[in-house]
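Novice: Residue numbers (our numbering), protein chains in the order written: chain A, 1 to 171; chain B, 1 to 223.
Simulated from the structure, these hints should not be mistaken for laboratory data.
There may be inaccurate statements among the hints.
Derived list of chain A stretches under chain B, where covered just means 3 residues or more per stretch with a C-beta under 8 Å from a C-beta of chain B [unchecked claim]: (1) 25 to 35; (2) 54 to 67; (3) 70 to 84; (4) 94 to 103.
Using 20 Å as the maximum straight-line C-alpha spacing, the simulated SDA-like pairs for lysine to any residue come out as follows [unchecked claim]: (5) B:Lys162 - A:Asp71; (6) B:Lys189 - B:Pro205; (7) B:Lys162 - A:Asp101.
Here are a few chain A residues that sit away from chain B, every Cβ distance over 12 Å (derived from the structure) [said to hold, decoys possible]: (8) Phe51; (9) Gln91; (10) Val107; (11) Val120; (12) Leu127; (13) Arg140; (14) Gly142; (15) Ile144; (16) Gly149; (17) Trp151.
Note that CB positions come from ideal geometry on N, CA and C, so glycine has one too.
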Amino acid sequence: MTTLSGVPALLREEGFAGLGVAVDEREARLQLRRQIGRLEAELAGLFGEAFGHTEVPHRVGPLAAVPRVLDLGELEAVRDRLADRVAEARQALVERRRVEDENRELVERMLAAPQDYKWVQVSRQDLGLHGCGHWHSRPRLGPIGMLMGWWRVKISSGCPLAGRLAAVDQD
Amino acid sequence: MGADPASQRIGWVPAPEQGGVAPHITSEFPGLGIAWVEVDAKPGGSPEPVRRRLRDLSDRTYGSQAIRLRERPIPWAYRVFFRQIGLDPDRTRTPVEQLALDRLHNGGFRSNGLPRDALDIAIVETGVALRAFDAEGIQGRLCIRDSAPGEALAGLPGEMAKGTLAIADEVRPLGLLFGATAEGLRVEKGTRRIAIAAIQVNGVPQIAVEEALWMAASTLEAA
Numbered sequence: 001m002t003t004l005s006g007v008p009a010l011l012r013e014e015g016f017a018g019l020g021v022a023v024d025e026r027e028a029r030l031q032l033r034r035q036i037g038r039l040e041a042e043l044a045g046l047f048g049e050a051f052g053h054t055e056v057p058h059r060v061g062p063l064a065a066v067p068r069v070l071d072l073g074e075l076e077a078v079r080d081r082l083a084d085r086v087a088e089a090r091q092a093l094v095e096r097r098r099v100e101d102e103n104r105e106l107v108e109r110m111l112a113a114p115q116d117y118k119w120v121q122v123s124r125q126d127l128g129l130h131g132c133g134h135w136h137s138r139p140r141l142g143p144i145g146m147l148m149g150w151w152r153v154k155i156s157s158g159c160p161l162a163g164r165l166a167a168v169d170q171d
Numbered sequence: 001m002g003a004d005p006a007s008q009r010i011g012w013v014p015a016p017e018q019g020g021v022a023p024h025i026t027s028e029f030p031g032l033g034i035a036w037v038e039v040d041a042k043p044g045g046s047p048e049p050v051r052r053r054l055r056d057l058s059d060r061t062y063g064s065q066a067i068r069l070r071e072r073p074i075p076w077a078y079r080v081f082f083r084q085i086g087l088d089p090d091r092t093r094t095p096v097e098q099l100a101l102d103r104l105h106n107g108g109f110r111s112n113g114l115p116r117d118a119l120d121i122a123i124v125e126t127g128v129a130l131r132a133f134d135a136e137g138i139q140g141r142l143c144i145r146d147s148a149p150g151e152a153l154a155g156l157p158g159e160m161a162k163g164t165l166a167i168a169d170e171v172r173p174l175g176l177l178f179g180a181t182a183e184g185l186r187v188e189k190g191t192r193r194i195a196i197a198a199i200q201v202n203g204v205p206q207i208a209v210e211e212a213l214w215m216a217a218s219t220l221e222a223a
């Protein structure tokens, strides 16, 4: 069976010499370099999109210790590894979005019926939002509300102000 | 119009000189190039205007920009080229990404004296990769080529691996492309004339290369 990894060997000129067929390996290398460029752009976009929300696999190990012209097989290896990372990164983002959607629905349910989600806390980060803050289902009036079943979702007021942090430092 | 020397296009004297690239390397990497300019300057501490410029640059550079840097055309072009020559740009950083990372790590661009500060300013502003050499050690024109069998980089142990991409003059390799510099070509205490070289890769416009060289050279000359 001919596999993808066997293609570079098939494309080597000497392999075709007996058949009288010339293969332009340089053109194949240029094509692979273009593909590497496109995949790198895609991976960079996914990395930037995911940063701060979830970790995406983006590392592709070096093929050489020093800069040099890679052969067809090596370029193909870089291309394949990049393609793998792009696929994994895309999958990680899809998975992250699914979790964020679930958390968003959870917040909606909490707001509708806080008593059903006692003490549950969901942060803005869990929803893929920037900044500080969270939704927290807690009783009104502390223990009294707890006994009476007066639950509500409290939305925190955001990030601490710089002035307050400075005051804490002074203390 | 595109073939006009830089001095005619932008009235800048001395104009940057265009180096060569070995033909078989050009056929593999269209768009690869090297240009350089020489400046009478001594290494040393940076004067206050250069330090102020680094501080201003630090104030204008945010973490989010550093994260999104790889999506911008010129940093992306260098990342792609690194991949194409077998380097991992997340391990061997491109010059502009290394500076952005240092900025995040140190909380600002630190002054490392001249000519490094001049190069750093130009790299951060333009994204173009720059190198500095002791100009008095350069013989003839600069070029990018692969190493010849048995060739070594002065001051480094062993021979260079076959096909290693290097910056060279007409006699010997001066340094690895995006790597170590040969002994005697580094800018050191006794250096009196500095060559600033810009490495252009596919996707980096000529105007950005000229701007980077001009910025680095004028910073050095003004100091």
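Novice: Since Arg140 (chain A) was said not to touch the interface, does its Cβ keep a gap of more than 12 Å from each Cβ of chain B?
Specialist: About 39 Å separates Arg140 (chain A) from the closest Cβ of chain B, which puts it past 12 Å; holds.
Novice: Can we confirm that no CB of chain B comes within 12 Å of the CB of Leu127 (chain A)?
Specialist: 19 Å, holds
Novice: Is it the case that Phe51 (chain A) keeps its Cβ farther than 12 Å from each residue Cβ in chain B?
Specialist: The claim breaks: Phe51 (chain A) does not keep its Cβ more than 12 Å from every Cβ of chain B (closest is about 5 Å).
Novice: Hey, is Ile144 (chain A) genuinely clear of chain B, shortest beta carbon separation above 12 Å?
Specialist: 45 Å, holds
Novice: Quick check: do three or more residues in the region 54 to 67 of chain A have a beta carbon closer than 8 Å to a beta carbon of chain B?
Specialist: n = 10 at 8 Å, threshold three: holds.
Novice: Report holds if the minimum CB distance from Trp151 (chain A) to chain B is greater than 12 Å, and violated otherwise.
Specialist: The claim stands: Trp151 (chain A) keeps its Cβ more than 12 Å from every Cβ of chain B (closest is about 38 Å).
Novice: Would you check chain B against the region 25 to 35 of chain A, counting CB to CB pairs closer than 8 Å, and say if three or more residues qualify?
Specialist: Three-residue rule met by the region 25 to 35 of chain A, so holds; n is 4.
Novice: Can we confirm that no CB of chain B comes within 12 Å of the CB of Gln91 (chain A)?
Specialist: Given a closest Cβ separation of 20 Å, the condition holds.
Novice: Under the criterion that the straight-line Cα-Cα distance not exceed 20 Å, is the pair Lys162 (chain B), Asp71 (chain A) satisfied?
Specialist: Between Lys162 (chain B) and Asp71 (chain A) the Cα gap is close to 13 Å, so the pair holds against 20 Å.
Novice: Within the region 94 to 103 of chain A, is the number of residues with a Cβ closer than 8 Å to a Cβ of chain B three or more?
Specialist: Since 0 is below three, the answer is violated.
Novice: Does the no-contact call for Val120 (chain A) survive, Cβ to all of chain B over 12 Å?
Specialist: 31 Å, holds
Novice: Cut-off 8 Å, C-beta pairs, minimum 3 residues; does the coverage of the region 70 to 84 of chain A by chain B stand?
Specialist: It holds: at least three residues are needed, and the region 70 to 84 of chain A offers 5 whose Cβ sits within less than 8 Å of chain B.
In this structure, the hints that do not hold are numbers 4, 6, 7, 8, in rising order.
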